[in-house]
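Protein chains: 2
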Amino acid sequence: MPTEVPVVEKILSANDRIALENRRLLDGQGIVAVNVMASPGAGKTSVILRTIEALRGRLRVGVIEGDLASRVDADKVAETGTPVVQINTGGGCHLDAPQVQSALARLPLAEIDLLFIENVGNLVCPTGWDLGEHVKVVVSSVPEGHDKPIKYPGIFVVADAFVLNKTDLAPYLDFDAEIFRTALRALNAEAPLFEMSCKTGQGIEAWADWLLAPAGA
Amino acid sequence: MPTEVPVVEKILSANDRIALENRRLLDGQGIVAVNVMASPGAGKTSVILRTIEALRGRLRVGVIEGDLASRVDADKVAETGTPVVQINTGGGCHLDAPQVQSALARLPLAEIDLLFIENVGNLVCPTGWDLGEHVKVVVSSVPEGHDKPIKYPGIFVVADAFVLNKTDLAPYLDFDAEIFRTALRALNAEAPLFEMSCKTGQGIEAWADWLLAPAGA
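Residue numbers (our numbering), protein chains in the order written: chain P, 1 to 217; chain S, 1 to 217.
FYI, nobody ran anything at the bench for these hints, they're computed from the structure.
Positions of the beta carbon are idealized from the N, C-alpha and C atoms, including for glycine.
You may find that some hints are simply not true.
[To be verified] Pairs of lysine to any residue residues, derived as SDA-like cross-links and limited to a Cα-Cα distance of at most 20 Å, are as follows:
#, chain 1, residue 1, chain 2, residue 2
1, S, 199, P, 76
2, P, 199, S, 76
3, S, 199, P, 172
4, S, 76, P, 175
5, P, 76, S, 53
6, S, 199, S, 168
7, P, 199, P, 169
8, S, 76, P, 174
9, S, 76, P, 169
10, P, 199, S, 172
11, P, 76, S, 76
12, P, 76, S, 176
13, P, 199, S, 177
14, S, 199, P, 171
15, P, 199, S, 174
16, P, 76, S, 173
17, S, 199, S, 53
18, S, 199, S, 189
19, P, 199, P, 29
20, P, 199, P, 179
21, S, 76, S, 106
22, S, 76, P, 167
23, P, 76, S, 106
24, S, 199, S, 171
25, S, 199, P, 169
26, S, 199, P, 168
27, S, 76, P, 176
28, S, 199, P, 177
[Unchecked claim] Some, not all, of what chain S presents toward chain P, calculated at C-beta under 10 Å:
#, residue
29, 39
30, 40
31, 43
32, 72
33, 73
34, 121
35, 125
36, 128
37, 142
38, 144
39, 172
40, 199
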């Protein structure tokens, strides 16, 4: 269907133009933005909540929550006193730059150093969409199994950092960390991997310390 | 972007036309097809493998495996002696009817009563695509959390049956089964819910018995 191509190109370039505007706005405010991508239920919100706690008094965090529907996650973040805006995509399978642009207009940017943008739970569609973020993080979780990099390679290729969450469940599962790491490194040799448990708090500090560096606190 | 609409409509109707052909082909062979949808790592392949085992000698199963890349799942199914075809979508976020049509041409249909079509791991994009299946199943898993129906409502609305997998992990997680069931029933009052653990085998029989009925063995 060759008639489809020009339309797709037009949409992508419109998105990229607004992503560029978002990045300029964030840069002007000295904000580092982190696009958090994962399967549904990998623990994106838990990672964000634990990180807010770990960085308290060191970095001022803001959050954009992306979901098809509901404001469950935004309510959890708001309870911590962190500025948060919920985007409901209404069925859309990923966030796009215009959605983030409208959320940025509703956040107190002067009071934020580090902005988490929690994408829709999806290991495929968010891969190709620039939101204007500085860092792309993929959160995996032990119960999902060690074969996720093999099955969903694209998102692992574009990531700047990896979190492996729910390590506390490892004793009850057949997760082979060596297969996971080998598959991940075949796709992406450079991005750091942070293994953690949001339940116990184990491993959060190393991740928070890494965020302090690019966020320039 | 109104120019986009006619293109999308054209793609959808082409898909639906081929889905209809797939369904006629399957009906002519007396095959019941089950579209298995879930998040990445919910246990779609494990459910299929356990079901093959449970139905052995009662129903002849065939499998179409959908993944972005790799043939990890197809190899696991092939080890059981079950006819299987792997579709690699090459980055595509869901299966479509033409892909299933080409897979059907490579399966020994006369030797199959029940066909599992394992979709790409994704709780959003597979929702609107008819593959020619007779039954849509959504597999959730306990580690994903009880809020998935609230956050990804569309796919729970269209399902004909639900599996809740990895119940063996419940003691180690804060999964609230009551919230899950209430949210699910608000979206879909009719479709049966089968709670199971592919690790222990608990709950597989009730699911397998239910499949025996529509598959008409």
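For this session: Let me know if the C-beta of residue 43 of chain S comes in closer than 10 Å to any C-beta of chain P, holds or violated.
Result: holds, 8 Å
Exercise. Would the pair residue 199 of chain S and residue 168 of chain P pass a check requiring their Cα atoms to be no farther apart than 20 Å?
Worked result: Judged against 20 Å, a Cα distance of about 18 Å means the pair holds.
Exercise. Is the straight-line distance between the alpha-carbon of residue 76 of chain P and that of residue 176 of chain S 20 Å or less?
Worked result: Holds - the C-alpha atoms of residue 176 of chain S and residue 76 of chain P are around 17 Å apart, at most 20 Å.
For this session: For the pair supplied as a hint, residue 76 of chain P and residue 76 of chain S, confirm whether the alpha-carbon distance does not exceed 20 Å.
Result: Violated, because 40 Å separates the two Cα atoms, which is more than 20 Å.
Exercise. Is it true that the CA of residue 76 of chain P sits at most 20 Å from the CA of residue 106 of chain S?
Worked result: violated, 49 Å
Exercise. Can the restraint linking residue 76 of chain S and residue 106 of chain S be considered satisfied, given a maximum Cα separation of 20 Å?
Worked result: holds, 18 Å
For this session: For the pair we were handed, residue 199 of chain P and residue 29 of chain P, check the Cα-Cα distance against 20 Å.
Result: Measuring from Cα to Cα gives roughly 33 Å; hence the hint is violated.
Problem set entry | 20 Å Cα cutoff - pair residue 199 of chain P, residue 169 of chain P | holds, 10 Å
Exercise. Within a Cα-Cα threshold of 20 Å, do residue 76 of chain S and residue 174 of chain P meet the stated pairing?
Worked result: holds, 15 Å
Exercise. Holds or violated: residue 40 of chain S as interface residue toward chain P, Cβ cutoff 10 Å?
Worked result: Holds, about 4 Å.
For this session: With a cut-off of 20 Å on the C-alpha distance, tell me whether residue 199 of chain P and residue 172 of chain S pass.
Result: holds, 10 Å
Exercise. Is the straight-line distance between the alpha-carbon of residue 199 of chain P and that of residue 174 of chain S 20 Å or less?
Worked result: With a Cα-Cα distance of about 10 Å, the restraint between residue 199 of chain P and residue 174 of chain S holds, given a limit of 20 Å.
Violation of the numbered hints given earlier is confined to hints 1, 2, 5, 9, 11, 18, 19, 20, 22 and 23; the remaining hints are satisfied by the structure.
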